[in-house]
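Protein chains: 4
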Amino acid sequence: MAGDTFGRLFTVTTFGESHGPAMGCVVDGCPPGLELAESDIQHDLDRRRPGRSRHVTQRKEPDQVTILSGVFEGLTTGTAIGLLVQNVDQRSRDYSKIKDKFRPGHSDYTYQHKYGIRDYRGGGRASARETVMRVAAGAIARKYLAERAGIRINGYLAELGPFELKPLDLDAVNDNPFFCPEPARLNALDGFMDRLRRAGDSIGARINVIASNVPIGLGEPVFDKLEADLAHALMSINAVKGVEFGDGFRCIQQRGSEHRDEITPDGFEKNSSGGTLGGISSGQDILASIALKPTSSIQVPGRTVDTEGKAAEIVTTGRHDPCVGLRATPIAEAMVALTLMDHYLRDRAQNADVREAEPAMTESV
Amino acid sequence: MAGDTFGRLFTVTTFGESHGPAMGCVVDGCPPGLELAESDIQHDLDRRRPGRSRHVTQRKEPDQVTILSGVFEGLTTGTAIGLLVQNVDQRSRDYSKIKDKFRPGHSDYTYQHKYGIRDYRGGGRASARETVMRVAAGAIARKYLAERAGIRINGYLAELGPFELKPLDLDAVNDNPFFCPEPARLNALDGFMDRLRRAGDSIGARINVIASNVPIGLGEPVFDKLEADLAHALMSINAVKGVEFGDGFRCIQQRGSEHRDEITPDGFEKNSSGGTLGGISSGQDILASIALKPTSSIQVPGRTVDTEGKAAEIVTTGRHDPCVGLRATPIAEAMVALTLMDHYLRDRAQNADVREAEPAMTESV
Amino acid sequence: MAGDTFGRLFTVTTFGESHGPAMGCVVDGCPPGLELAESDIQHDLDRRRPGRSRHVTQRKEPDQVTILSGVFEGLTTGTAIGLLVQNVDQRSRDYSKIKDKFRPGHSDYTYQHKYGIRDYRGGGRASARETVMRVAAGAIARKYLAERAGIRINGYLAELGPFELKPLDLDAVNDNPFFCPEPARLNALDGFMDRLRRAGDSIGARINVIASNVPIGLGEPVFDKLEADLAHALMSINAVKGVEFGDGFRCIQQRGSEHRDEITPDGFEKNSSGGTLGGISSGQDILASIALKPTSSIQVPGRTVDTEGKAAEIVTTGRHDPCVGLRATPIAEAMVALTLMDHYLRDRAQNADVREAEPAMTESV
Amino acid sequence: MAGDTFGRLFTVTTFGESHGPAMGCVVDGCPPGLELAESDIQHDLDRRRPGRSRHVTQRKEPDQVTILSGVFEGLTTGTAIGLLVQNVDQRSRDYSKIKDKFRPGHSDYTYQHKYGIRDYRGGGRASARETVMRVAAGAIARKYLAERAGIRINGYLAELGPFELKPLDLDAVNDNPFFCPEPARLNALDGFMDRLRRAGDSIGARINVIASNVPIGLGEPVFDKLEADLAHALMSINAVKGVEFGDGFRCIQQRGSEHRDEITPDGFEKNSSGGTLGGISSGQDILASIALKPTSSIQVPGRTVDTEGKAAEIVTTGRHDPCVGLRATPIAEAMVALTLMDHYLRDRAQNADVREAEPAMTESV
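Protein chains in written order, with my numbering: chain A, 303 to 667; chain B, 303 to 667; chain C, 303 to 667; chain D, 303 to 667.
Next up, chain A with everything else stripped away, as it sits in the complex (with noise of 0.2 Å):
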């Protein structure tokens, strides 16, 4: 258990490096009986493929996944899915650069600390493409989620540097590379980008996530409140450095009587607590947010060491994402469906009993 496993009940454990031969995973748990298709995954992990825009790698993978098994007849079995997408696009080029430092704000340095050797081609495993398999894997359960409960999972790009956007058009999101909720701005943001990438430099970005029709119940009570949960979940995304719910940060200003949703017989005022009471969901939308810093790899030379410790200078060349917030959209929409999915199969375990014995319950306010 290195860590490559996520979730309890509904699990995905991945593997696959940057310039191997494939990504795959395997999803267990899932419930039998979803109506499943390469196409229903394909779709998510179209949406964060690379190359989509002239701001992101234009490493060109196709990101075609196959279904190795788990589904018969168009059906999910209850048994393990096997996924694959193979790289195609593996470059092979000259890593003498890179092989011997450390490039600054990358995992090279602790790579070779922790375990003595590290995969140089294209970051190895600690590459961003690692997230193509939770992208398809979290596509499987966004799929019964939205079929069997009617949750909604819907992220948007909410800055990106100077830029803060406001979701007035969630339609639009998916409509452009940007995952922008703000149409009016593309342009803005296409000439801002230009010149970043004439620059060789990076920015950071603020990626939001929405989930909506949730059911009331979802998380544990002490460790494992569905936020803990979610924080984690996010947090495990390559730059994420941090994450927030509802009022987040903005709660330390905050009174109390300022900061508490009150309740009427028609339901929450607002949503400061981003829909959440004591680690469990309240009914009201899940709101996330994520901050991803700006991409290490830049064309701005930098100091650093190498692997004996020497003064070096480095510049990172090859195909790079200048802000990986342009396609972290999808990837935190998986990581959240993927958290919601786990948790309501561990509420199902434990309160199938209360559901049945009280429907009209879940019902109320």
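Hint data in this document are derived by calculation from the structure and do not stem from the laboratory. Quick caveat, the model's predicted, so the values are computed rather than measured. Among these hints, one or two may not hold up.
Put simply, identical chains are the same to the list, so a pair is met inside one copy or across any two.
[Stated by the list, open to error] The calculated DSS-like cross-link candidates involving lysine-lysine, where the alpha carbons are at most 25 Å apart (straight line), are:
#	residue 1	residue 2
1	Lys401	Lys612
2	Lys362	Lys399
3	Lys399	Lys612
4	Lys468	Lys572
5	Lys401	Lys362
6	Lys572	Lys401
7	Lys572	Lys612
8	Lys401	Lys468
Given the structure of chain A, go ahead and fit chains B, C and D onto it with the hints provided.
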């Protein structure tokens, strides 16, 4: 596994309600041979204990810990450590006012729907009293980490409502009931809290935690990144709504050339990353920061519904902390200690050969 | 996770040593709404209690259980259940004879080498006293399974040394201290045990456990087959050296045409499989059988070494069971109950949709 | 976590069906720096492969393994190892005879009820083909254990129907398709199997596994005793109905003075315990023994019901092993290797300090 266990190798399983007879936990996986007495644990419990100032709950709890197992002749034996703290001031009172109403911002509503039943006395399992066993278990982790690896974990109050507090005097943190690192501002804090209490309201806060001398190599590459597991740990504390590491949400506005921590033969130039790279500790200080919401148990009347769904008004009397942040510093430190301890053992399990083979390597940079 | 937790969804975490102040456990994941009083647990503890006859250890332990949390107004709340049993007869005596010697067949030797330290008082954590919390937790599982699913779990002494005992009268099992299902042979057993005790020796035994009315569908296809998890559960009981299901080791000589249980519209024709097919319960009775070795704490002198590796002779005095099998029936039943409970919840988590969709199906055959 | 993952620290997660495109697994937690090539794994796969003699299934599978990740320049990197074996002979045929009928003794019945759906082609997930990835993953564990700790794991056929086979020549085991340790009886076995095949019937078997040079200290005291985890591992193999260690079920008739293994300065006098004391390895050989039932897929007609519950007759044609025990030796060895590997890492995580402090101690006795 309803979420009352934390950790994979060094595990803590807790139980207990605010108004039950006792709080307790089982610490499993502790290495043998550690000198351990009740006084080692008591020290941290005393730092968290209620009643240290007029600004926190006036419940009188000595929080005296008893070691029930796992220690023999003053040394841990490697077997399960049972800890118990009696509840002595679980005042018998009239709960009729809250029994049938959901306090806004509180877990009443979600527990009732999830479980179909709730222990409404003092918040039951959702009480902040639950954190007493986190601190007790954390004290054991902390002692081991300090003695075997020299790791130090120190937290402080970084913000309280409008106050931003700088870490000017970390030695003073434990000498005041605010865990405030700017002693000059204690009077102002006292005044602010007095006014708040008179208003019957509450306030949010930020706690920072620094872990120093953490060895390179703790954390796993994909889902169990060190900061992901820390985020899980910290977000599981009652009232926490946000977690960030290093520059955290400030990354959004940063460029890669500004964010990355350059490396020289003398070490890293700065610590924007907060002590991890690619999910693995870099040898720099771990810098974690959390936002705590203002407590929902306030005396300002608020709108709610009763268990029948009818509109109602609520005023929470009883003994409550007007700022949960005031007592959160030792709790946050404990959760960081438990997470580091777990990863210390996880890393040793997988990578002991690397440490043995290349002892010099971990010295470099 | 040093192995003091059992289960995935319905988990039990235990602690306590033979001569420490108390034994305890945390039961996590129990469904809410189950009526539970200390007397429900006490009944099974009394069946396991030492001192029920002259053939078992004469240690006087009332084994009175206290529920410390997780129950409110007589119902489980869904949160962690803390249980405690005080040790009252941990007689203070002279351990100098065993302190520096390894009793053959006992864990002294392995604990000392594994941990570098051992609590030699009464066997410490390795004492059969550890099983008291298995029985306490098992009583909760058993009550839930009986009330919600009608599952019954009954064990009996099937062999004791040269005696083979047939399940002629299962109602009589709880009326005699041997858990013997052949009351006519009680006098012979009494005589055998008296002679054995006078010889200062001990004897092995076999316990059979039958679980009836188990629904079809418990267990997972690959590593967590129901009988694999039951084998883990039963083999974890002190002194157990073998586990078999249905025809067990007799299968070796059988032909397929003889072993397979044919099916007719009225059900299975026989039960050679012991209630599982492909790792999943078939609706037939689960038939488990275990072998317990003779206890190693005997008064017949034996050769050993001391902690310095020098030859020594050892005689174990003190209070010991000459046949651990005599008190093992309630313990084996408890482990079966805990395993079935865990799989009942696991199956419900994944397959609730199947049960809802095709309720009639589980009736068939 | 639907049971397709084995282990806590060295974990294996498998997927694949008999007639799907491929079998695969993810091995997580492998220590870095282990030399690993496909040929290292292939050796054990070839020992398990179908078609090695006329007595096993004639399905033609090269079982060629591909390493998809986790190995760089011939060394494990510490990250997840993905393995894949293509299915090449999943013959397309007519399943109408078994599609709507439950083969007695087979998992058809339980899968259909548990999941409401089953992949009936060749047994789907319940096929013995599932074990191919156990052997592949086990080969990695075995290599590590051999190189770093000198542990050797060897199995053999100990019984086949009426034949009891003595371990007279363990070197010969891998030279015959029976894994028989008594070469003189190969002709007799050949004749027995030929007659059995002509009768269209099948037979049970016993496999013994010996693990030598296991260090003292592997295993945990309570639920995760070494033999409990080994029992889980071995009982999870298809068709296994019994597991025993050391004297196993023979303990029932033994006296304590006869069973206990006395200790002298030269070591233990014998090995009735099978290599563990109190759940922890004693440094003696681990002696495990399993019973495998005769396969249920036979050509002798049998009574069953169809999916509508009506009486039916069934004859299983197709390619099947008349004695699953014949190919089980490498599978049982693999499961022992995986369990020992997991506990080797678990012990190192908790007790590395003991090993460092008292290196001489583990030499004693």
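Homomeric proximity label, lysine 401 with lysine 362: Cα distance no greater than 25 Å: within (24 Å within a copy, 44 Å between copies)
Alpha-carbon proximity between lysine 362 and lysine 399, which holds within one copy, between copies, both or neither at 25 Å: This pair counts as within: shortest intra-copy Cα distance 23 Å, inter-copy 47 Å.
Up to 25 Å CA-CA - lysine 612 versus lysine 401, copy category: Intra 14 Å, inter 56 Å, cutoff 25 Å: intra-copy only.
Within, between, both or neither, where lysine 468 and lysine 572 count as close if Cα-Cα is 25 Å or less: Classified as within: same-chain Cα gap 18 Å, cross-chain 33 Å, threshold 25 Å.
Intra/inter-copy verdict for lysine 399 and lysine 612 if alpha-carbon distance must be at most 25 Å: Classified as within; 14 Å inside a copy, 61 Å across copies.
Alpha-carbon proximity between lysine 572 and lysine 612, which holds within one copy, between copies, both or neither at 25 Å: The answer is between: 18 Å across copies meets 25 Å, while 56 Å in one copy does not.
Within, between, both or neither: lysine 401, lysine 468 at alpha-carbon 25 Å: Neither, since 42 Å and 41 Å both go past 25 Å.
Intra- versus inter-copy proximity for lysine 401 and lysine 572 (alpha-carbon distance at most 25 Å): Close across copies (24 Å), not inside one copy (53 Å); limit 25 Å.
Hint violations for this structure: number 8 only, all remaining hints satisfied.
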